[in-house]
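Trainee: Spelled out, the chains give:
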Amino acid sequence: MSYKYLDPVSLSKLGNLRLKAKYVVEGFISGMHQSPHRGHSLEFAQHREYTPGDELRHIDWKVYGKTDKYFVKQYQEETNLRAHILLDISNSMTYKFGGTLDKLSYGIHLAAVLGYLLLHQEDSVGLAVFDSEIRNFIPSRAHLGHFSIIADALEKIIPGKDTRIAPVLESFSRRIRKRGLIIFISDLFDEPEEVLKTLKNFRYQHHDVMVIQVISNAEREFPFEGPLFFEPLEGDNAGIYSEADLIRDEYRRLMEEFINRYKVGFRQAGIDYFLLSTDTPFELGIRSLFSSRADI
Amino acid sequence: MISFLNPSLLWLLPLSLFPVILHLFFRKKPRRVPFSDTRLIQLAMKRVLPRTKLHQWLLLVLRCLALLSLLLIAAKPVGYSGFANGNSRTQQVILLADTSYSMGYTESGITRLNKSKQFEKDLIGDLLSEEGEKAAAGFKQLNIVEFSDYIGRALPEFSIDAGYLRKFVTETALSCRTTNLPAGLSFCYKSFAKMPPGNRAIIIVTDLARHLFPGEAAQFNIKEALPEYDPSVRLMFVSVNNGENDNTCIENVGVMDNPLRFVPEIRNFGARRGRCPVSIDINGRTVANDLLDIPGDAAMTHEFRYGADIRDFASGTAFIQEDNLGADDRYYFAQGPRVSRSVLIVDGDPKYGNTLDSESYYVNTALLEEKLEPGSNRFDTRVVTAEEFARTGLQKYDLVILCNVEKLPQEKLSELSGIPLIVTLGDRVVPDNYPAFLSESIGETEKGEFKIGELDRSGNFVKNPEEFELGNIIFNRRAKLLGGNPLAGFNDGEPLLIEKENSGNKVLIFGSSIDRDWTNFPSKPFYPSFIRSIVRYAVERQRAETEANYLTVGEQIKYVFEKGDKNMSARLILPGGAEENLKAVFTGSYSQAVYEGTDVPGMYRLETGGKTVYFAVNLDMKKSESNLARFDAPGLKKYFPGAPVWIMRADETTPKNISLLLEGKDLTRFFLILVLVLLAAETALSNIKK
Numbered sequence: 001m002s003y004k005y006l007d008p009v010s011l012s013k014l015g016n017l018r019l020k021a022k023y024v025v026e027g028f029i030s031g032m033h034q035s036p037h038r039g040h041s042l043e044f045a046q047h048r049e050y051t052p053g054d055e056l057r058h059i060d061w062k063v064y065g066k067t068d069k070y071f072v073k074q075y076q077e078e079t080n081l082r083a084h085i086l087l088d089i090s091n092s093m094t095y096k097f098g099g100t101l102d103k104l105s106y107g108i109h110l111a112a113v114l115g116y117l118l119l120h121q122e123d124s125v126g127l128a129v130f131d132s133e134i135r136n137f138i139p140s141r142a143h144l145g146h147f148s149i150i151a152d153a154l155e156k157i158i159p160g161k162d163t164r165i166a167p168v169l170e171s172f173s174r175r176i177r178k179r180g181l182i183i184f185i186s187d188l189f190d191e192p193e194e195v196l197k198t199l200k201n202f203r204y205q206h207h208d209v210m211v212i213q214v215i216s217n218a219e220r221e222f223p224f225e226g227p228l229f230f231e232p233l234e235g236d237n238a239g240i241y242s243e244a245d246l247i248r249d250e251y252r253r254l255m256e257e258f259i260n261r262y263k264v265g266f267r268q269a270g271i272d273y274f275l276l277s278t279d280t281p282f283e284l285g286i287r288s289l290f291s292s293r294a295d296i
Numbered sequence: 001m002i003s004f005l006n007p008s009l010l011w012l013l014p015l016s017l018f019p020v021i022l023h024l025f026f027r028k029k030p031r032r033v034p035f036s037d038t039r040l041i042q043l044a045m046k047r048v049l050p051r052t053k054l055h056q057w058l059l060l061v062l063r064c065l066a067l068l069s070l071l072l073i074a075a076k077p078v079g080y081s082g083f084a085n086g087n088s089r090t091q092q093v094i095l096l097a098d099t100s101y102s103m104g105y106t107e108s109g110i111t112r113l114n115k116s117k118q119f120e121k122d123l124i125g126d127l128l129s130e131e132g133e134k135a136a137a138g139f140k141q142l143n144i145v146e147f148s149d150y151i152g153r154a155l156p157e158f159s160i161d162a163g164y165l166r167k168f169v170t171e172t173a174l175s176c177r178t179t180n181l182p183a184g185l186s187f188c189y190k191s192f193a194k195m196p197p198g199n200r201a202i203i204i205v206t207d208l209a210r211h212l213f214p215g216e217a218a219q220f221n222i223k224e225a226l227p228e229y230d231p232s233v234r235l236m237f238v239s240v241n242n243g244e245n246d247n248t249c250i251e252n253v254g255v256m257d258n259p260l261r262f263v264p265e266i267r268n269f270g271a272r273r274g275r276c277p278v279s280i281d282i283n284g285r286t287v288a289n290d291l292l293d294i295p296g297d298a299a300m301t302h303e304f305r306y307g308a309d310i311r312d313f314a315s316g317t318a319f320i321q322e323d324n325l326g327a328d329d330r331y332y333f334a335q336g337p338r339v340s341r342s343v344l345i346v347d348g349d350p351k352y353g354n355t356l357d358s359e360s361y362y363v364n365t366a367l368l369e370e371k372l373e374p375g376s377n378r379f380d381t382r383v384v385t386a387e388e389f390a391r392t393g394l395q396k397y398d399l400v401i402l403c404n405v406e407k408l409p410q411e412k413l414s415e416l417s418g419i420p421l422i423v424t425l426g427d428r429v430v431p432d433n434y435p436a437f438l439s440e441s442i443g444e445t446e447k448g449e450f451k452i453g454e455l456d457r458s459g460n461f462v463k464n465p466e467e468f469e470l471g472n473i474i475f476n477r478r479a480k481l482l483g484g485n486p487l488a489g490f491n492d493g494e495p496l497l498i499e500k501e502n503s504g505n506k507v508l509i510f511g512s513s514i515d516r517d518w519t520n521f522p523s524k525p526f527y528p529s530f531i532r533s534i535v536r537y538a539v540e541r542q543r544a545e546t547e548a549n550y551l552t553v554g555e556q557i558k559y560v561f562e563k564g565d566k567n568m569s570a571r572l573i574l575p576g577g578a579e580e581n582l583k584a585v586f587t588g589s590y591s592q593a594v595y596e597g598t599d600v601p602g603m604y605r606l607e608t609g610g611k612t613v614y615f616a617v618n619l620d621m622k623k624s625e626s627n628l629a630r631f632d633a634p635g636l637k638k639y640f641p642g643a644p645v646w647i648m649r650a651d652e653t654t655p656k657n658i659s660l661l662l663e664g665k666d667l668t669r670f671f672l673i674l675v676l677v678l679l680a681a682e683t684a685l686s687n688i689k690k
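Residue numbers (my numbering), protein chains in the order written: chain R, 1 to 296; chain H, 1 to 690.
Incorrect hints may appear among the rest.
Stated by the list, open to error - For the chain H half of the interface with chain R, some residues (derived, Cβ under 8 Å), not all of them:
| hint | residue |
| --- | --- |
| 1 | L24 |
| 2 | K28 |
| 3 | R31 |
| 4 | R32 |
| 5 | T38 |
| 6 | L40 |
| 7 | P50 |
| 8 | T52 |
| 9 | D323 |
To be verified - Covered stretches of chain R, going by a simulated chain H footprint (3 or more residues, C-beta under 8 Å):
| hint | stretch |
| --- | --- |
| 10 | 214 to 225 |
| 11 | 237 to 248 |
No lab work stands behind these hints: they were computed from the structure. Yeah, the Cβ is synthetic: ideal placement off N, Cα and C, and Gly gets one too.
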């Protein structure tokens, strides 16, 4: 049976988060070709004598040919990746337009899918949710049962206050000791220079960083018409009156500049950057992530 | 400098601020929408706003200006640059005053002519100040011309004397003529052509009725009707017509004999049905009256039978109750002069002892049927034989009829000069014994059974032939008639009666016998009428045109004196009682007296040598002057391509407006173009992408 991916809104109605994540991941995996990179680091460390229960595919047949004895290969990093998922739960992430998912829900689903996928691959995964500060921190663990803890935490998220990315990242950097992969999910509606600077620091600390910017299509295309009063979901100002038709072109130009600033900045810093909109199916989103990263 | 012909509308100018009021107080409340982060929106607004504000203010200004221009157009702006046309200072104005009889229509107690005169005086006062300052500077010059279907009075030259001009207007009187505007305009253009260059205008004060121009604008060729047409001359039509159109008139009165009847034709031009009393006066005495019910916009006739003989009737008047236009409520009619004609009948086969069979018996009897009293005959006849004919002098005869005469001697032919001749045939006639112009037309005789076909080709001498049993008239013999002008024919197409000319004299040739030798015609009821008709045709047609006694106003009265009349003068009594003495003038063939002054309708009575002749002069009802339907104003402009034309109603403000127009330039078109430009700019600006 061929797998058909669901749009994010339809998926969000499927059931609990565990089920949804499993659904997505299995669908994703079934659609993928045999990957040579399956959850193990490829770096060979040593041989050890075969004991019943070891996988036959790890038997080094060359050694058997020489010694008539069965030995299995042992690899350098048997315990794989240590990933930390940081999810922005500030007010701006609650924005939605039309019939799409709001950014926070999309981010939650994305975090759940990534978490499940990584755990499924026997990588360790941790979770931190933040707005102006870290609201919840779950250390990374590698067993599949850890997903329930992560899923619970994701399901219980309540949108927070305003965004303050830079201080949050600084605080987070003090919590993790070992090198790992940092998956940062946010709309990045903050000062770009500060965000870039703080994320670069993770690179200096030899962490791998992946930034996933989640925005609504409306935030990019500005499909509004006529005179409107825009009420911000974050910030102190009361709002702004505007003739949408008059400013549309200029807004789009500014939005592209904003996105490009991050794109260029992250590329320069060696940080993987992905832009996803809330109407992109999760499978396609993950595919785009995997197509550029070999170690997930 | 700008002035306005409708300054009261300037009070509406604040309405041009309506777009600003809408913009400030009636803006649509914006809808509130949540947005994640408004910083980019703020930044976009900051960059776009200055341009946007300018754009919006420009739109507002354009809309206000467009509204303002529309309001100014409604107020009818007139601009002054000092002089309206070119560099000339002189204003040359002709007042063309309509004096046709439709201007006699009374509305609200005043005739249109009097209203027109009052307006003209007011206009003179406005155009020429009493002090004469501007006039003294030669700035304005006026002339006044009265017109109907001809040019009435006109000042000999342009004047600047307001008092003199007003006096001229006061003396303007109504004519009884119809309207011919092109004739009036032609006179004006010719007058201008004699003047030095200047700003010119013709102000036509008229009732602006539909009869102003015959036909439609599409058929009117300005170059043919007005060769002097100058489109630079401004034309201002001032209407004194309030729109009332109720008018009833008598268009015609028919007079019929046997029995004597009078049939007036009455037309109601109004929209409403009306009851109309009609009366007939005969010889100055009312003899009949009735009350007619005439539908709106319709005509009807009514027959009044008069018991007396036609010879008792000389003149009469039909009249209806006088309405708002009294001039067309009377119609005059008269009987033509009764004169005797001397007719010589030459009997070529007298049949002594049996006059009934003589050639001349029936024709003589037919002519004498009108003889009832001595001295009042229509025809005085004398019958002679062919031998006696040779010895008879012909000078005193009006007509000679040859009935089956063997020959016409050459010497008698010269005596016939000036006398019409009728030749009838029979078995005595020898064509070769007739002069060539007659013999060439008389062909072979033939036997058969021939009937009358086309009876009256000329249409001049047989009335109501369908009343007679023409089918019972049989010709057993006839002669073929050749050449000439056929006046009647047989049913096989051969001519029965032809007309020829001999040295200016009329000659009729009848293609059969005039007695019962070749035909049963003399025994039929039609015979006497036919004979009298062709005799009258031969004798009186030459005189008919000179003795018409039904005339329209302006036509000449002509009276032709009889041969042998000793008294070659006449006394003409005009409708008002005044008298004119008329002297005879010899035309070469007859003597006549002419009178040119039929300016008013009525009965004109001419007396000469004991005879009285009546001439009925009426208004020209064929020109539809009595139809007072108003001209379609936009349609009027189409008659004058290229010329500035204004159409106004005569009221208190019109003289002032005319003054303004004469001195200034109508700016309506300029503001109209401005509105279009502003609207185009507003549309373009609205669609520009910021």
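Trainee: Decide, hint by hint, whether the structure agrees.
Mentor: Hint check:
1. About 14 Å separates the beta-carbon of L24/H from the nearest beta-carbon of chain R, more than 8 Å, and the hint is not met.
2. At a threshold of 8 Å, the smallest CB-CB gap from K28/H to chain R is about 6 Å, leaving the interface hint in force.
3. Against a cut-off of 8 Å between C-beta atoms, the interface hint on R31/H holds, since the closest Cβ of chain R lies about 5 Å away.
4. The interface hint given for R32/H holds, since its Cβ lies 5 Å from the closest Cβ of chain R, which is under the 8 Å cut-off.
5. Because the beta carbon of T38/H sits about 4 Å from the nearest beta carbon in chain R, less than 8 Å, this interface hint is met.
6. Given hint, L40/H at the interface with chain R, holds; its Cβ is 5 Å from that chain's nearest Cβ, closer than 8 Å.
7. The interface hint given for P50/H is broken, as the beta carbon of that residue sits about 12 Å from the closest beta carbon of chain R, more than 8 Å.
8. Interface hint status for T52/H: upheld, as the beta-carbon distance to the closest one in chain R is roughly 5 Å, under 8 Å.
9. Taken as an interface hint, D323/H does not check out: its beta carbon lies about 69 Å from the nearest beta carbon of chain R, beyond 8 Å.
10. Coverage of the stretch 214 to 225 of chain R by chain H holds. Counting CB-CB distances below 8 Å, 3 residues qualify, and the rule asks for three or more.
11. Using a Cβ-Cβ cut-off of 8 Å, 8 residues of the stretch 237 to 248 of chain R lie near chain H, which meets the minimum of three, so the contact claim holds.
Comparing the model with each earlier hint shows violations of hints 1, 7 and 9; every other hint is respected.
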